[in-house]
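Asker: Listed below, chain by chain, are the residues.
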Amino acid sequence: MNAPVYNFAYLDEQTKRMIRRAILKAIAIPGYQVPFASREMPMPYGWGTGGVQVTAAILGPADVLKVIDQGSDDTTNAISIRKFFARTAGVATTTATADATVIQTRHRIPEAPLHGGQVLVYQVPIPEPLRFLEPRETETRRMHALGEYGLMHVKLYEDIARFGHIATSYAYPVKVNARYVMDPSPTPKFDNPKMDNCPALQLFGAGREKRIYAIPPYTSVVSLDFEDHPFTRYRFDAPCALCGADDSYLDEIVTDDQGSRMFVCSDTDYCENRQAQGHRGSESAAPHKERPHG
Amino acid sequence: MADSKIAVQDNDQPLLLADGLGKSYGRLSACRDVSFALYPGEVLAIVGESGSGKSTLLQLLSAQLSPSAGKVSYRMRDGVMRDLAALGEAERRFLLRTDWGYVHQDPVLGLRMAVSAGANVGERLMAVGWNHYGRIRDTATSWLERVEIDVGRIDDAPRTYSGGMRQRLQIARNLVTEPRLVFMDEPTGGLDVSVQARLLDLMRNLVSELGLAAIVVTHDLAVARLLSHRVMVMKGGRVIETGLTDQVLDDPREPYTQLLVSSILPA
Ligand SMILES: Nc1ncnc2c1ncn2[C@@H]1O[C@H](COP(=O)(O)OP(=O)(O)O)[C@@H](O)[C@H]1O
Ligand SMILES: [Mg+2]
Chain A
1 MNAPVYNFAY LDEQTKRMIR RAILKAIAIP GYQVPFASRE MPMPYGWGTG
51 GVQVTAAILG PADVLKVIDQ GSDDTTNAIS IRKFFARTAG VATTTATADA
101 TVIQTRHRIP EAPLHGGQVL VYQVPIPEPL RFLEPRETET RRMHALGEYG
151 LMHVKLYEDI ARFGHIATSY AYPVKVNARY VMDPSPTPKF DNPKMDNCPA
201 LQLFGAGREK RIYAIPPYTS VVSLDFEDHP FTRYRFDAPC ALCGADDSYL
251 DEIVTDDQGS RMFVCSDTDY CENRQAQGHR GSESAAPHKE RPHG
Chain B
1001 MADSKIAVQD NDQPLLLADG LGKSYGRLSA CRDVSFALYP GEVLAIVGES
1051 GSGKSTLLQL LSAQLSPSAG KVSYRMRDGV MRDLAALGEA ERRFLLRTDW
1101 GYVHQDPVLG LRMAVSAGAN VGERLMAVGW NHYGRIRDTA TSWLERVEID
1151 VGRIDDAPRT YSGGMRQRLQ IARNLVTEPR LVFMDEPTGG LDVSVQARLL
1201 DLMRNLVSEL GLAAIVVTHD LAVARLLSHR VMVMKGGRVI ETGLTDQVLD
1251 DPREPYTQLL VSSILPA
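Here the protein sequences come in this chain order: A and B.
Quick note: the first sequence, position 139, residue 139 per my numbering, numbers continuous.
Quick note: the second sequence, position 96, residue 1096 per my numbering, numbers continuous.
Take these hints with a grain of salt, some might be off.
Unchecked claim - Between beta-carbon pairs, the in silico distance windows are:
no. : chain 1 : residue 1 : chain 2 : residue 2 : range
1   : B       : Gln1064   : A       : Gly46     : 39 to 47 angstroms
2   : A       : Arg21     : B       : Met1113   : 36 to 44 angstroms
3   : B       : Gly1190   : A       : Thr138    : 26 to 34 angstroms
4   : A       : Asn197    : B       : Gly1129   : 19 to 27 angstroms
5   : A       : Gly164    : B       : Ser1050   : 44 to 52 angstroms
6   : B       : Asp1155   : A       : Asn197    : 15 to 23 angstroms
No wet-lab data here; the hints were simulated from the structure.
All residues carry an ideal CB built from backbone N, CA and C; glycine is no exception.
So here's chain B without its partners, still in its complex pose (with noise of 0.2 angstroms):
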């Protein structure tokens, strides 16, 4: 049967397709015209300087703002592909917090500051219906060991976590139900040096490891090299650039590009 070597997880199929995406308020164009498709597994950088659109472009993207124009379309783990408009908001947040993960740049926002680590993995755990505490349990201790959290520190409150330590307890909490697309924004935005270079480390090891596609919103061409295959460059809400990272980043063509690589642009 010819139908049958269509395969529901086809690598050759875009994960999710943004078409004409854009978002105003009022008179003011905070992102317009996006078009891109994302492939499974592909990690995507959006980039430039604050103000240009890439956090309201996130959010469009994963669906937690609606377009003023254009639609965003993600292929569904059954492998039909979806506008995301036309989800019930039933099936938006239980896509959320089980196909996708958002990793936020403050951990307040991903985290609850006042439960354990523990519990903050196995949330999403019990969200879909996991109802032994055990195994919640031993599957929140492997997560933590994954992103190099000790384990004796389990049943302490992220309250008491380093900054780094917050941001790779965020990661776990959004990794566990093995989601096939990771949204961040400035991931590693207001950490030490040192820090962030721990966390991209593990980002880029994590990613690698489970085939994650991921749609990373940084100013720091820094995390872009390391994690992105591609970069999307934007400028006053459009994107301006877009290509393979190593070449848009050694060879850019646009002049504003050119700026941004040379930290002539405050990031």
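So here's chain A without its partners, still in its complex pose (with noise of 0.2 angstroms):
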């Protein structure tokens, strides 16, 4: 092959001090959105820019990298980025959650239980959880500084008057650490707890926005609710009908132009793992064929 274009991972070493500096800084405070100076990546912000640049600013050559986007390792954006690493860093690549030692994503935690040593690295489009009811960045900066939390609990509120119950089910908000409010990106409630006391390390880059922040191992991670309205997870009341789990979040698939729908798992390493395993679900009586990894 020819001599590199690239530096080791894309960004420079100067570019990647600085985004180390605004990483050890996320994690010293946890929940506290770091400000960095984000670079222009060769993709779209739709993309994760963010979550890029994190990624390229940990990565060392002996890491195992995995990338997934809605749970799936599959998807365009995530096959792109899994590729982009494996070009410009070298490292190898895996579907394989347990093998990973540094995963991207965008919608998800693994449904595997992540283990130390590990870091998630999310890809965040709007780090600020006050945003909805307070646009003025000077105010929500000053909101975070004070501890001043009673706006988030307007937004709760507001859900609970509208429909009855929290409506909210994405980018649920949560306190970290006791002391700061945070924005989990868009995953679904359903993967909160997972968040908390989590023995992996947890990065959150905000490319547009540019805006780093964390969760170190073993952080408490509180999703805010009423005591007369609880927090509670949800999914879809059926089990996987691939793998018949009945505790991993699914997605809903239309199968064909009559309605007909199905509930699958949105983490397809675990469902493929359970079927692996010999776990069968209402569609898939047929032995479970490898599907060939990109």
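From the two separate chains plus the hints, produce the assembled complex.
Answerer: Structure follows, in structure tokens:
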């Protein structure tokens, strides 16, 4: 092959150092949004340039990278990012949650429990949980500084007043380490409890908004709620049609133009592992065939 | 013990003290040398023509503007008199949304127009840690009743409210934490006369029922007469006359006040 056009993991060392400093600060102040000088990346913002920059700054040659998009390793977005790092950093990639050292994700936390030594990197579109009700940046920053979070409950109050229950089901606000209120990025609230006391390091990168924040391993993460409307997880009340799992987060898939639908695990790696172990759902009477991974 | 006779909420002690208060913008002195004491339960009206420094003074008194000269002290709920300039930002903001209220002339500045009336009233409660939806809603409901807003409108945003309803909602939103002092800047400004009358009536009842102290800025002497115990007349940034409301309005000493009372000066 030709001489490498890019530095290791694309970004130059100065930029990576700057991002690492922001990451270290974010780890030191769990849940606090640290500004950083976000760089242009060779992909559109919607593709998670914040997450990509964080991943680029922490990858080492020995790392094993997994990239998921809505739980799947096989969307265009996930494949592109995986290929990007395979090419620019030459790191090994995997789809197996347990084998990865770095997992970049959009919209999901894997079903398989994360372990110590792993880093979960979230792609974040809007890092500011208070923005919904307070568009002024100067004011939201002051609210964070002073721990004034009444407004977050105003949002939950509105949900209950309108729908009879807390209808927020994505980007459900959490309080980190009993101090900062944080937007967990648009993961389903089903995943919120996995953030709490997690052995893995969780890093959040917002490219367009130029913010990095973090949850260090084994940090308390509490979903906001009311005493009389406690936080609840939500999943479709069905087993996975492919692996029969009744505890995983499900995607609804329309199977024909008659409106037939089925529910399958959103986490494809989890689902395939279960099928490989012999678990079956209603749609998988036939023996499971291994899918090739890209 | 002699000390135990000094009650924490002693009504003989001033609630708020202004001492030599002034604010300059470059060479313009918007407000200067204002000193007075406000006692618990007392309603003070600040009157004067447009540009006389009323709003500037109100912002100084409510710690939203820092003075160029003098100071404001306030008796906190623990009975200790504190210099407002010495409060930390967190303490100051806490005071503003618990023990104080601030009613703006323009309700858009005092309300969240996009969230429901119930949440507007409940926000201060949630800000001080109320965490039970049912109790927050019940309290909001009873406050809407108190300010004569149809409780059937509790889930509507104030965007859909009339001017008078918005102003009553703003009052409910402020009073829900049972403040001891409410600042009002032209609270009836911009409303129809009949709507003004109803609002004034409501404010007068609430103030007396709750034993609130209030500082009301108005260019409308009828508002001062209906609401206040005492009046301060401002001109060119200075207080030129002060006294009991009836005395000042019925028997003004200063020629300027006489003109104001006889409605010769434009308000
Ligand atoms: N931020 C400011 N910068 C400069 N001048 C100001 C400012 N605010 C008020 N003033 C001036 O101070 C004077 C008093 O204004 P204000 O307190 O608003 O009077 P009032 O409320 O009685 O109408 C006016 O001459 C006004 O133009
Ligand atoms: Mg004014």
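Asker: Now, for every hint given, state plainly whether the structure supports it.
Answerer: Going through the hints against the structure:
1. B:Gln1064 x A:Gly46: 39 to 47 angstroms: With Cβ atoms ~41 angstroms apart, the hint holds.
2. A:Arg21 x B:Met1113: 36 to 44 angstroms: holds (41 angstroms)
3. B:Gly1190 x A:Thr138: 26 to 34 angstroms: Given about 28 angstroms between the Cβ atoms, the range holds.
4. A:Asn197 x B:Gly1129: 19 to 27 angstroms: At 24 angstroms between Cβs, range holds.
5. A:Gly164 x B:Ser1050: 44 to 52 angstroms: holds (49 angstroms)
6. B:Asp1155 x A:Asn197: 15 to 23 angstroms: violated (37 angstroms)
When each numbered hint is compared with the structure, a violation occurs for hint 6 only.
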